[in-house]
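Start from chain A and add chain B according to the hints.
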Amino acid sequence: MPVFNQSRSRIIRLIFLVTFIIIVAQLFYLQIISRKYRKLANENAIQRTIVYPLRGIIFDRNRRPILNNTLTYDLMVIPSQIKNIDTVFFCNLMDIDTAEFRTRIVNGIIRNRAFRPSVFEASLSAQKFARMQENMWRFGSGFFIQERPIRSYSYDAAANILGYLGEVDSNFLRKHKDEGYQSGDYAGMTGLESSYEKVLMGERGVKFMIKDNFNRIQGSYENGAFDTAAVAGSNLHLSLDIELQKEGEKLMQNKVGAIVAIDPRTGGILAMVSAPTYDPNLLTGAERRKHFSQLYSDPKLPLLNRAVSTYYPPGSTFKTLQAILALHEGVITSKTTFSCSGAFYGCGKPMRCLDPGVFNLTTGITHSCNTYFANVMQRVINNPVYPNIDSSLSSWARYMNGFGLGHKLGVDIPSEKSGYIPTPVTYNRMYGKRHWNFCSFRSVSIGQGEVLTTPIQMANEMAYLANKGWYIIPHLVDSIEGGDKFGLLNKYKKRIDPIDIPDSVFEAVHNGMQGVVDAGTGAGARVPGIVICGKTGTAENYYHGVKQKDHSFFAAFAPRENPKIAIMVMCENAGFGGTWAAPIAGLMIEKYLKDSIAADRKPLEQRMMNANLIPAYMLHEMRTKDSLRQVRKDSLETIRKVLKDTLQTEEVPDEEQAIVTILKKQDDKNKDSAFKKTIHNAEAILPKKKNTGDKKN
Amino acid sequence: MSTRNPEISKGIDWSLVWIYLVLVAVGIAAIFAATYKDGDPVIRSFLQYKTDYSKQFYFFIIAAVLAFFVLLTDSKFFTATANLWYVFGIFVLLLVFPFHSRIKGTESIIRLGGFQFQPAEFCKICVALALAKYISRPETDFSKPRSQFIAAFIALFPALLTIFQSETGLALVYFSFFLVMFREGLPPVILVVGFAIAVLVVATIVIEPNILAIILTVIALLTIYFLRRTLKRNRGILLVIILLWFVCVGIQRFAVPFIFKHVLQKYQVERIYDLFGKDNPYHKAGETVDLETKKKANGSSYNVKQSKIAIGSGQLWGKGFLKGTQTRYDFVPEQRTDFIFCTIGEGFGFTGSVLLLAIYLLLLFRIITIAERQRSVFSRCYAYGVAAVFFFHIVINVAMTVGLAPVIGIPLPLISYGGTSLLTFTVMLFILIRLDADRQMVLR
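Protein sequence lines correspond, in order, to chains A and B. The numbering of the first sequence is my numbering, which starts it at 1346 and goes up by one. The numbering of the second sequence is my numbering, which starts it at 742 and goes up by one.
Isolated chain A, as found in the complex (with noise of 0.2 angstroms):
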């Protein structure tokens, strides 16, 4: 009996059989098969942590650094881990009541979760640092301190040059995508901080931790055998003098305006001083944004790098490049002479000079003769030689820009601007093809009309001449620690040496502004036992259709022989080229070839830091705002701007954009002559404004 039906125990074994091979199968796709699951397990399981290497540090010439990095604390709070704290006595040490402690924890939680750390405060004061650290013991596990690198700047100068941090936002991250961002990093966005940005940020490394269902970190996995270490940025080195930058910034405060200094010999920038500057360290830190927005709105515009992104006429400083020209194109030598009666009557009206003479090619650039270089340059656009004036002046314009004027020159910080030269099509469109000729834009003769140049191209333009001939594309950085990985600076290495000109032709140029200095226009910049060839300029310009005081300008180089030091200062609005540009320019000369400044001429210096030449318009303006109904019209706008902060990137193209806002006041400011009929783009929004070219000095 007990063998029947036992068939049916096959059956069963094989019921069972094959219902164990289904699920092996599904074992078999689940685990060998499919790779999906691997990787859902790792995306579950393993963070990926970035470590943030320390960024480059900045140093000067002399080897001094100039920006650093240094640590900062942040108290950082696990909600969910405090336990019977003494909440009084934490409050007391925070400097905050119960009622803000609250406040904070559930911000914490609001943002992070109770139990993942966040913030409690950021970048503690060293007081409360101290304090903390002391007591933190009390608190358990719930508080803890954690370290959080800052970028600051040791000498409170340089601010416009090396530029500082911000949060990259969507438009970076779009632009960079492949270089490893992610949103909450932070970024160079001006300044050498954003040029050099791929040898400051040095590489990224990760760390590879494990986590639970909740996402606290529980280890590190595999005990970091997939973890890449961080590499620190390259640290760089300037051919900046820290101490010859903080001297400009002295001489230069309480003025609006630039100075520009360069070794001729290298091209490196000596000091770029852009007035009025900030103190960079408020731009790192906590305090960040309510700063940033406060330097916004400044109507000084202390944001705005004045040596390379604006443009003013370069005056008379400009006749230097005319003279060489004239002399190469053989239309003077440096014996003709041409007299001026007080005006040049060449054109009908008549543009008026300072005093009445004959003049040769020296004396003409010593006393900065108005109808001597209208005169060259008339014979420069009806040179014979070339078959009408388009190609005449199409050929000056091709020589101004192998001076290096009326293009970016490439300096290694962003926002430079090119600057104009006008070129036939500029008449043409302003006048209608063949209705114009020389009598048009005589007054471009003397550095004013058309002709616009950054504080930069001034400076380049004395280190060409200084060097007979040649310069080098100007920068700022010398070396990069460790190599030039990206090739940054390989055009920083070569002379630019457009036209060939025979260094006789310089010489007679360096006689004339050797004068300028010893017994002309620019005796202000003179200083003992140094030789310096200088030229002075004073520049017309309107605000908002206004004439306002002259620009003033004085760019020179020195010593004469074995020229060290290239130099350009310009003061908006403070009047006469000689009157403050000139000694401005002769102290900075004077600190680094000396090293110091003269005792007897230390009055002279603190005559210069002291005075305060701020144009008025500008003060007006500040008064409005200090009027509290625009203070609070404008803090709508500076929220709007302060979101704008983050989105200004170092791209050229955007930078420019970028700061469109802030240039449309500085172009009304600009506004000369030049604009009459306009060249830009801009020509909208620019008041109709009549000419005058006529100059001065």
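Hints may contain errors.
As the list claims (entries may be wrong) - Reference excerpt, derived from the structure (chain A facing chain B, CB under 10 angstroms, subset only):
#1 PHE1365
#2 ILE1367
#3 LEU1385
In case anyone wonders, no lab produced these hints; they're calculated from the structure. Heads up, the beta-carbon is just placed ideally off N, CA and C, and yes, glycines get one too.
Same frame as chain A, but now just chain B:
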């Protein structure tokens, strides 16, 4: 009593005992892997009855003592008291209703002091015994439908009570006793019909109702077409086909929707649909699913997803003992109990999982071998009952963790954490060993 052996070890099937010990050891190790946190003092917590793995260890000691007592018992005791056990089992099941405590939404647990006790687990032994007893009665002729019906009733009555305790999963276990009945002569037609109904239910869930109805009709018409010659001779068959068609469509259009709407809990319906990747169509438009239901259902699909991730990430060789990132950091909920297989799948990979399944298969085959060598019908039926219960638990549990079966909370025999479950399976197995040890003695 007179036949009692001086040494109880005589006749014991040691291979079963070894397989049992291996499985329990694997279980404790797996629970350890699932709950151990770095730095726990292992020895101390083992002795202190604080952690799950130490508790399981103590359960094992209790189980071993019980097993020992079972081995000491005379095998006739079980035949004699089988029906009493059944009555007792039903009584305990009924006891749950006034004394139950709500644990994780189930109503099937009795608390006694610090212990929890799940009668539905225990009752499986009683049913196995009672069913064996009924079938082995000399006056039972199992080829008669009446006997088959009574046997089915014995097996399914506790299931009914369990369903009332909202433990549908445990209730399904009792259906495994059909395997015993099949071995004892239940017409295979019933299994075929059961399988056909299962296919039909799955089809109902997967295929749109009207299309399925059309398919069924087409199948019926094709059958009639192919059998047209036979049909001419025998009109009765045509009637059968039409009746079958009628029943199928009835199940598909009315029975299944009725069960889903009125018998099963909402979350269970959700889980079943989840398994097939379908949206539950039994929400009335506008009726919002209450949060509790949603949570229960979603929780289970989260479990299955995490469980598949854990197992899948084990790959061929696994990540190693205590190296599983998913199971060690609590990604898989319930991983000590119902989802314990994940720990093995992740830690020891395909190799380890297949090895474990092989051990289980060995156990099942061994039980069937033992069953077939019994001279008493009672022992054979009981052995098949044990095999069926083990089989059902293993298959449903593992299939659930790899995403082949809906999530019904039943443990993996001898491995999952849980005192009642470990004790039940131990006692069940050792009763079999006892019966087998005495197989030569009498014809019962």
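I'd like to know which numbered hints this structure contradicts. Please list them from smallest to largest. Going through the list in order, the structure violates no hint and respects every one.
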